[in-house]
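Enquirer: Given next are the chains, with one letter for each unit.
2 protein chains.
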Amino acid sequence: MYLIQHNRLREIGIKIFEQLGASKEEAEIVANHLVESNLVGHDSHGVVRIPEYVGRIIGKPILKIEAPPIKLKAKIKVIRETPTTALIDGDWGFGQVVARRAMEIAIKKAKDYQVGLVAARNCDHVGRAGEFPLMASEQDMIGALFVKTVPVMAPVGGRGRVIGNNPISIAIPANDGKPILLDFAMSVAAGGKIIMAIEKGENIPEGWIIDSEGNPSTNPKDYINGGALLPFARHKGYALSVIVEVLGGILSGVGALADYKGINTFLAMAIDIEAFIPLKEFKEKVDKLIRDIKSAQRIGVEEILLPGEPELKTKERRIKEGIPIPEKTWNDIVEIARKLKVKI
Amino acid sequence: MYLIQHNRLREIGIKIFEQLGASKEEAEIVANHLVESNLVGHDSHGVVRIPEYVGRIIGKPILKIEAPPIKLKAKIKVIRETPTTALIDGDWGFGQVVARRAMEIAIKKAKDYQVGLVAARNCDHVGRAGEFPLMASEQDMIGALFVKTVPVMAPVGGRGRVIGNNPISIAIPANDGKPILLDFAMSVAAGGKIIMAIEKGENIPEGWIIDSEGNPSTNPKDYINGGALLPFARHKGYALSVIVEVLGGILSGVGALADYKGINTFLAMAIDIEAFIPLKEFKEKVDKLIRDIKSAQRIGVEEILLPGEPELKTKERRIKEGIPIPEKTWNDIVEIARKLKVKI
Chain C
0 MYLIQHNRLR EIGIKIFEQL GASKEEAEIV ANHLVESNLV GHDSHGVVRI PEYVGRIIGK
60 PILKIEAPPI KLKAKIKVIR ETPTTALIDG DWGFGQVVAR RAMEIAIKKA KDYQVGLVAA
120 RNCDHVGRAG EFPLMASEQD MIGALFVKTV PVMAPVGGRG RVIGNNPISI AIPANDGKPI
180 LLDFAMSVAA GGKIIMAIEK GENIPEGWII DSEGNPSTNP KDYINGGALL PFARHKGYAL
240 SVIVEVLGGI LSGVGALADY KGINTFLAMA IDIEAFIPLK EFKEKVDKLI RDIKSAQRIG
300 VEEILLPGEP ELKTKERRIK EGIPIPEKTW NDIVEIARKL KVKI
Chain G
0 MYLIQHNRLR EIGIKIFEQL GASKEEAEIV ANHLVESNLV GHDSHGVVRI PEYVGRIIGK
60 PILKIEAPPI KLKAKIKVIR ETPTTALIDG DWGFGQVVAR RAMEIAIKKA KDYQVGLVAA
120 RNCDHVGRAG EFPLMASEQD MIGALFVKTV PVMAPVGGRG RVIGNNPISI AIPANDGKPI
180 LLDFAMSVAA GGKIIMAIEK GENIPEGWII DSEGNPSTNP KDYINGGALL PFARHKGYAL
240 SVIVEVLGGI LSGVGALADY KGINTFLAMA IDIEAFIPLK EFKEKVDKLI RDIKSAQRIG
300 VEEILLPGEP ELKTKERRIK EGIPIPEKTW NDIVEIARKL KVKI
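Quick mapping for you: the protein sequence lines, in order, are chains C and G.
Heads up: the first sequence at position 110 corresponds to 109 in numbering that gives the first Met the number 0, and the numbers run straight through without jumps.
Heads up: the second sequence at position 334 corresponds to 333 in numbering that gives the first Met the number 0, and the numbers run straight through without jumps.
Chain C with its partners taken away, still in its complex shape:
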């Protein structure tokens, strides 16, 4: 494990994507996104993705996903629009670039008409969903993102990879500059955790996956051999994921479940708080909510944390100490940089 400064990682990322032909804006958005994911501790969505993205740009994808390559200097188009809504076509560009554009449009619409809803199709991996609602909370709005992903989860009562493990994220602004951030997907355990268990040769707890026959399994290899993730809280995770298939998949015009080529489609939302109550009052009430939860009686923890707070604490620490990067990830990045003649 290496400890790498976030600025250094970011610069390497930007140079790699620019060298491949990405615009400066694209390279910055994607590198920022990956490094920010590392900073908040979501390493599965961090710079470990660089080799995968590079593969998808040069048409040599590492993962077998039925989707066109990532298009650089993509031309995002609005293909249907009303004062409060838009449907955009991402031209198969970076998902992060398309999601930022979608959220920008939603925020603009919410400024003018109190609510903005933007659906998007034809883009690559949007990455960590939590980044985008935060764009709204930074503008003192409520932001939300509903992301449709490739099917990896079984429905309740069924087996096989039928439904996406679809993430949702909602951000709420607070006075102290630390927004409340919900950011989760619908399975009991993330697919990345199961892959990690395979790499470590460890078993996983019962209840995470079923095997190809639909039996409970603690062998993580059963997941990649025709098994599937299980939804959290059974019917609740299942129901929420089905809803996101519709909000994130069908509203974009592409379709649900396995009915589309690509990695993600999504719906972005922004809500103007002052349509309801004055912003000052809203923030005071959110701060009181935070204080009241934090002052509850604790059991076995030093501090009760709000949703999104563990990530902010990790970020503070990693900005100071650097980001821990596994040797393999670092070597992969160095190798890519070498091949592209990028100084690192």
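Just so you know, the hints here were simulated from the structure itself, not pulled from any lab data.
Any given hint might turn out to be false.
Copies of the same chain look alike in the list, so a pair counts if it fits in one copy or across any two.
[Unchecked claim] Each computed DSS-like pair below joins lysine-lysine, with the alpha-carbon atoms no more than 27 Å apart:
hint, residue 1, residue 2
1, K279, K260
2, K260, K282
3, K293, K260
4, K199, K107
5, K279, K76
6, K342, K59
7, K76, K110
8, K23, K59
9, K282, K76
10, K327, K76
11, K260, K287
12, K287, K63
Chain C is fixed; fit chain G onto it per the hints.
Expert: Chain G only, in chain C's frame:
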């Protein structure tokens, strides 16, 4: 257990509320709501609530909740409005009446401006959240409701009744007239199930509640003696419930957690599908989603069901066979009718 025809139950309910001074519209909305809840199998939100509502109308509440009595012939007022949003004051009327009005306004706004968002405060118990988004799906829109309730749940890492077990509901229209309906609250098990275990003298599974000291408990009495419900999937149920405190509680201007007098405040939403894609295409894609999920390989079930489908099946059966009503509930209703000189 008696089997009572739904029409008979509905008429009794209407007469009781009218006799107490409710308007015809109020009486019909509330009685319809309670009987519909029984029909779909959510008996905890059915006619068992009549004694509680009657108590809250006549100022002799059964439950100790810090809230004014239910006001009859309440005058719902819009106190802040934009083309896409409204904040309404329910004048402490029946929650169901206020929620229907809110959803009507949201639908009207979505017809004119593609999205409608209506927050509401000062109302009584809204009942089963699922009823209201269905008003939107019946109009070929997507509907959602986020309801803030009284605190009964512990935050992750804490104990005590800090957060509401806040229900959310989202409805999606489908071609076959059977909408997809998400309708759930944020605890592992509903408070009603724990009360039922107390009545039956049974233990409950570990993981449903903690006692007043924050220890896991299988004794349901620990719940009413200072214990609390636990959120589903730990951080996920906790995060979603905190978000609903904001959407359902703070946006209405009242506040979060224990910071308000009353039972429910909420946010209603309606989204115009045709803002994104043609309705026909949307419904075809939703129907395909339903068919594809249903045709997945089954494990241990006769049929894979979509969210909301178990309720529709129960409704079909109970319309034919009658609604099973426990003797105590029936006797309570008969006694109320007798006192009010209502023929049943």
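Enquirer: Hint by hint, say whether it matches the structure.
Expert: These are the hints, each one checked on the structure:
Taking the shortest Cα distances, K279 and K260 sit within 27 Å of each other only across copies (22 Å), while inside one copy they are farther apart (45 Å). Taking the closest pair of Cα atoms, K260 and K282 come within 27 Å of each other only across two copies (20 Å); inside a single copy the shortest separation is 42 Å, beyond that limit. Taking identical chains as interchangeable, the C-alpha atoms of K293 and K260 lie at most 27 Å apart only when they sit on different chains, with a minimum of 22 Å there against 44 Å within one chain. Taking the shortest alpha-carbon separations for K199 and K107, neither the intra-copy value of 46 Å nor the inter-copy value of 56 Å comes in at or below 27 Å.
For the identical chains of this complex, K279 and K76 are inter-copy neighbours only, at 24 Å across copies versus 36 Å inside a copy, given an alpha-carbon limit of 27 Å. For the identical chains of this complex, K342 and K59 are intra-copy neighbours only, at 23 Å inside a copy versus 77 Å across copies, given an alpha-carbon limit of 27 Å. For the identical chains of this complex, K76 and K110 are neighbours both inside a copy (21 Å) and across copies (25 Å), given an alpha-carbon limit of 27 Å. With identical chains, the CA atoms of K23 and K59 are at most 27 Å apart within one copy only, with a shortest distance of 23 Å there and 68 Å across copies.
In this assembly of identical chains, the alpha carbons of K282 and K76 lie at most 27 Å apart only when taken from different copies (25 Å versus 35 Å within one copy). In this assembly of identical chains, the alpha carbons of K327 and K76 never lie at most 27 Å apart, being 38 Å within a copy and 63 Å across copies at closest. With identical chains, the CA atoms of K260 and K287 are at most 27 Å apart between copies only, with a shortest distance of 16 Å across copies and 45 Å within one. In this assembly of identical chains, the alpha carbons of K287 and K63 lie at most 27 Å apart only when taken from different copies (25 Å versus 48 Å within one copy).
Consistency with the previously given hints fails for numbers 4, 10, ordered from lowest to highest.
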